[in-house]
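So you can see what is in the structure, the chains are spelled out below.
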Amino acid sequence: MAASAQFEELVLKHLDSLHNYALALTRNARDAEDLLAESLARAYERFASYDRSQDFRPWAFTIMRHLHLDRARHQRSHPEEAWAAGDEDIQPTALAESPLHATPLDPEGLLVRRESVEQVREAIRRLPSPLREVVELRDIEGLSYRQIAAVVGCPLGTVMSRLYRGRNLLRTYLLEAPRCPERKTAGLGDEL
Amino acid sequence: MNCSAAKSQLYAYVDGELSPERRHALERHLTGCDGCRRLADLEVAFQEAYVRRFRPDPAPEAVRARVRGVLAGLPGRPAASRRRWRHPVVVGAAALALLALGAALGLGVQSYLGSRRVLVQLAEAAVEQHQRLVREELPADVRGVSPQQAADWFRQRLPFNVQLPDLRTERLTFVGGRIWHLRGVEAAALEYRVDGRYVSLFIIPEEAYTRLGLSDKPRFKTISHRGYDVTIWRSHGAGYALVSEIGGRSCQVCHAEGEPPGTGATGPAHR
Numbered sequence: 001m002a003a004s005a006q007f008e009e010l011v012l013k014h015l016d017s018l019h020n021y022a023l024a025l026t027r028n029a030r031d032a033e034d035l036l037a038e039s040l041a042r043a044y045e046r047f048a049s050y051d052r053s054q055d056f057r058p059w060a061f062t063i064m065r066h067l068h069l070d071r072a073r074h075q076r077s078h079p080e081e082a083w084a085a086g087d088e089d090i091q092p093t094a095l096a097e098s099p100l101h102a103t104p105l106d107p108e109g110l111l112v113r114r115e116s117v118e119q120v121r122e123a124i125r126r127l128p129s130p131l132r133e134v135v136e137l138r139d140i141e142g143l144s145y146r147q148i149a150a151v152v153g154c155p156l157g158t159v160m161s162r163l164y165r166g167r168n169l170l171r172t173y174l175l176e177a178p179r180c181p182e183r184k185t186a187g188l189g190d191e192l
Numbered sequence: 001m002n003c004s005a006a007k008s009q010l011y012a013y014v015d016g017e018l019s020p021e022r023r024h025a026l027e028r029h030l031t032g033c034d035g036c037r038r039l040a041d042l043e044v045a046f047q048e049a050y051v052r053r054f055r056p057d058p059a060p061e062a063v064r065a066r067v068r069g070v071l072a073g074l075p076g077r078p079a080a081s082r083r084r085w086r087h088p089v090v091v092g093a094a095a096l097a098l099l100a101l102g103a104a105l106g107l108g109v110q111s112y113l114g115s116r117r118v119l120v121q122l123a124e125a126a127v128e129q130h131q132r133l134v135r136e137e138l139p140a141d142v143r144g145v146s147p148q149q150a151a152d153w154f155r156q157r158l159p160f161n162v163q164l165p166d167l168r169t170e171r172l173t174f175v176g177g178r179i180w181h182l183r184g185v186e187a188a189a190l191e192y193r194v195d196g197r198y199v200s201l202f203i204i205p206e207e208a209y210t211r212l213g214l215s216d217k218p219r220f221k222t223i224s225h226r227g228y229d230v231t232i233w234r235s236h237g238a239g240y241a242l243v244s245e246i247g248g249r250s251c252q253v254c255h256a257e258g259e260p261p262g263t264g265a266t267g268p269a270h271r
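Just so you know, the protein sequences line up as chains A and B, in that order.
Take the first sequence: its letter number 190 is residue 190 in this note's numbering, and every next letter is one higher.
Take the second sequence: its letter number 153 is residue 153 in this note's numbering, and every next letter is one higher.
Calculated from the structure, these hints are not laboratory results.
Don't take each hint at face value.
[As the list claims (entries may be wrong)] Here are a few chain B residues that face chain A, going by a calculated C-beta distance under 10 angstroms:
(1) Gln9
(2) Pro75
(3) Gly76
(4) Arg143
(5) Asp229
(6) Arg234
(7) Gly237
We put the CB at the ideal spot given by N, CA and C, even for glycine.
The whole structure should be built from the sequences, with the hints applied where relevant.
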């Protein structure tokens, strides 16, 4: 199969993931679409460097992230620039002020509330950008910590730290959110 | 290890991302600490209730259209646009064939929908296991042996007849296998490489597969999960789940190239 055909196949297969990550980076539908289109062109230029034995997504995400950083550098007022630069010292205000982020929150309350999957998904979208990014890469895309570290360009410990803080903040959001009047079954059945 | 240190590692533990040493240290703590044990159990329940159900949101049609335009304009692409139409045509033909087969066999749409949820759960479990195998989080129990030697190894340890295909082509490599604990059921997890990509084949006892209540029609059930294709079917004596990122090419695990799946000529799974 020609390289162009392989590339097309991979892009179409992972299009939802690529678009989702572009949205996580830009937090804006129009910017996400532009970033995605530009990333694909750049990824195709470098497709020869892609190791076919590896997952396509981390490779493509890394290119997209670098492009996003390049664009942010040219837009100095871009709000994502600070976090996108990978400054681990940045503490999102909401996170720093939350008394609940020090230890994992007891998830029992969340399970009892039986939030819908979409409510939890929406809460992830509200996370501060650096935390949302790693939570999305792990919990939506299912990447390993090592893959996330490669994409984000930071040490493994930083990934763990962001994931820890992101998930704790997510649970804070969920516990603080008004209870959904329409309960939906959240637990899995016992078929398996 | 104290409770504070244990809690700080719970997410990584549940994600299967702790090193063996740290995992063992944490498990020792969990054995003696009801509070932390409860948190760990609840975290697992939270992941099962939510995290494993997450999917990337489908890209809007406008985005898809733009991406198709970008792909069409890439340099080095074949001038003729036949290929662009090949996938929909092939997929459409396959879907029609499946529909025709379903109709011919009296497949009821409602019964299929009824088993959909179980199918998704099995696919989720298989994909998770596949990812952990590929990331080498789970060491192989058997490695560096032929498929037949691996089959012998499994037959000595599992209470059902594990048969492995023994195709030998340059494009297919048997990597290894391990016993997979699927909610209390012991199954065989086998790892292959096809065209350089990892493919996992899971074999579960027929009685466990039967308990899932999946319809036997269509015979091959394909589902997409987290970018992977999962094909699930039952054959004599076992249930099978095949996980890959390469669509129909993964069938080379059981079938020689060019041999249509389902003919039963080579793969023991179809006998």
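These are the hints, each one checked on the structure:
1. Gln9: Hint on Gln9 (chain B): holds, closest Cβ of chain A at ~9 angstroms, below 10 angstroms.
2. Pro75: 8 angstroms, holds
3. Gly76: This interface hint holds because 5 angstroms falls under the 10 angstroms limit.
4. Arg143: Violated, because the Cβ-Cβ distance from Arg143 (chain B) to chain A comes to roughly 17 angstroms (cut-off 10 angstroms).
5. Asp229: Holds - the Cβ of Asp229 (chain B) comes within 10 angstroms of chain A, reaching about 9 angstroms at its closest.
6. Arg234: Violated, because the Cβ-Cβ distance from Arg234 (chain B) to chain A comes to roughly 15 angstroms (cut-off 10 angstroms).
7. Gly237: Hint violated; Gly237 (chain B) Cβ to chain A Cβ min 20 angstroms, cut 10 angstroms.
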